[in-house]
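Could you build the full structure based on these sequences and the hints that come with them?
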Amino acid sequence: MDNNETNNPYTQTVEVTPQATHSDNAPQTAPADITPQHVPASELPPEALRTLPRDEAQVPEPKSYEKLLCFLSLGLYVFGPTASGIPMYIVESMNLQSDVSSPIFSVLSSFGSVTYIAAWVLMIIARVKYKKSVFAKVLMWVYIGMLVAAVILVIVLVATCINALNNCNCSGMG
Amino acid sequence: MKATIFDNYIKSLHFPFYSTIVIGSILLGVILACIIMYREGLKRTSIIYTAFLTFVCIMVCGLSLQIWLTGDPRRLAFTGAGGALGLLIGAFSSIFIHRDHEKEMMASWVVTAPLMYGLAKTACHISGCCVGIPYHGKWAVVYESDLISRFPVQLSESLLFTLIFLIGLFMLLISGKPLLTSRVVIVISVIAKFSMDYLRDGHYLAKSPLSQNQILALICGVIALGLVEIVNNILGKKQVKGESKIYHG
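Protein chains in written order, with this note's numbering: chain A, 21 to 194; chain B, 171 to 419.
Because the hints were derived from the structure by calculation, they are not lab data.
Below are the DSBU-like pairs computed for lysine-lysine, each with C-alpha atoms no more than 35 Å apart in a straight line:
#1 B/Lys273 x A/Lys151
#2 B/Lys213 x A/Lys152
#3 B/Lys273 x A/Lys149
#4 A/Lys149 x B/Lys213
#5 A/Lys87 x A/Lys149
#6 B/Lys213 x B/Lys273
#7 A/Lys151 x B/Lys347
#8 B/Lys273 x A/Lys157
As structure tokens, then:
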């Protein structure tokens with residue numbers, strides 16, 4: 021046996037134990053029981069521990085944040101635009117002076133934008149970290165569908181508004 | 171009214187093409203960024219999620235910055251600086267999420283940003299916004315709204331930023347240095363945007379020496395260069411530490 025092998029207790033177990041059982045005329049099944057896999061993980065050296073499969077190394081599974089991420093994402097996606105859009109509509113309908121309404125619109129639009137982007141970021145984190153999550157997958161397709169609808173709506177809305185402006189002989193965007 | 175080669179062209183297309191061209195130019199830029207990222211060796215899932223997130227960020231920031239600046243949600247328009255900020259936010263968030271070829275991912279988006287801006291500027295030319303200074307030369311354009319002969323600053327910006335995109339693309343493909351390419355593209359783009367603003371009519375409406383567009387361009391440039399340095403220094407070092415932690419168990 022090489023010096024390298026004697027220094028390594030993992031290799032030592034494999035080599036020495038079968039020879040001892042043969043000399044005592046023990047049944048042939050005995051060597052199969054004493055394999056490196058059956059040594060308790062706590063007694064294995066760190067080098068051997070790394071070679072074992074993850075479940076046998078008895079590493080505790082990390083806590084799953086899948087549902088938390090998805091619910092947080094959905095909450096932000098619904099709450100953000102609602103919490104900024106409804107007050108914007110109310111302020112606009114009050115016909116306040118621009119000095120008063122402008123800062124309110126600025127803050128509300130920024131809040132809506134930040135929450136919308138945060139919802140997307142959280143959904144993507146959930147999709148990347150928990151690839152098999154059905155909830156995250158459903159969220160992703162809902163968000164993509166809503167995005168496509170919003171893009172079409174913006175195109176149609178701008179085209180309709182500007183056509184209306186043209187019919188009124190008004191100037192368009194400045 | 172001086173007749174120019176652009177007269178009929180501007181009259182015939184009118185405004186409804188504004189949003190279609192802006193969204194189309196952003197989509198084209200996103201597709202090109204995806205192709206560059208794929209060529210640079212990024213994983214397919216990273217590319218798809220990054221593309222969606224960055225597109226969302228560009229659209230949301232571009233629209234909301236307009237509301238933020240004007241304080242009027244009825245003035246639905248797209249701000250180039252907002253789009254640039256959105257692109258940086260989307261790309262940087264994706265770099266943190268995926269940790270996949272960080273430098274290449276950053277460079278892909280920075281390189282395609284001038285093309286998005288340049289193509290979107292054709293929408294401004296057609297709709298008659300962001301007009302140039304009064305000018306009576308060969309390339310003068312006249313809009314129906316004010317009937318003044320003007321310098322075609324929007325088309326000039328389109329050509330200039332498309333050229334910057336081509337320079338960045340060739341530099342990225344030939345040199346293979348993504349962060350150096352990013353820095354060069356950012357600096358050239360900021361200088362170009364800053365300089366071209368002097369040819370805009372809106373620049374001389376403000377009483378301050380620097381217009382709002384120039385200040386926004388400088389802010390975007392500083393943020394972009396800062397993010398490139400973060401990707402270069404902090405993220406690179408963190409990745410090495412993470413790898414060594416896994417190796418030692």
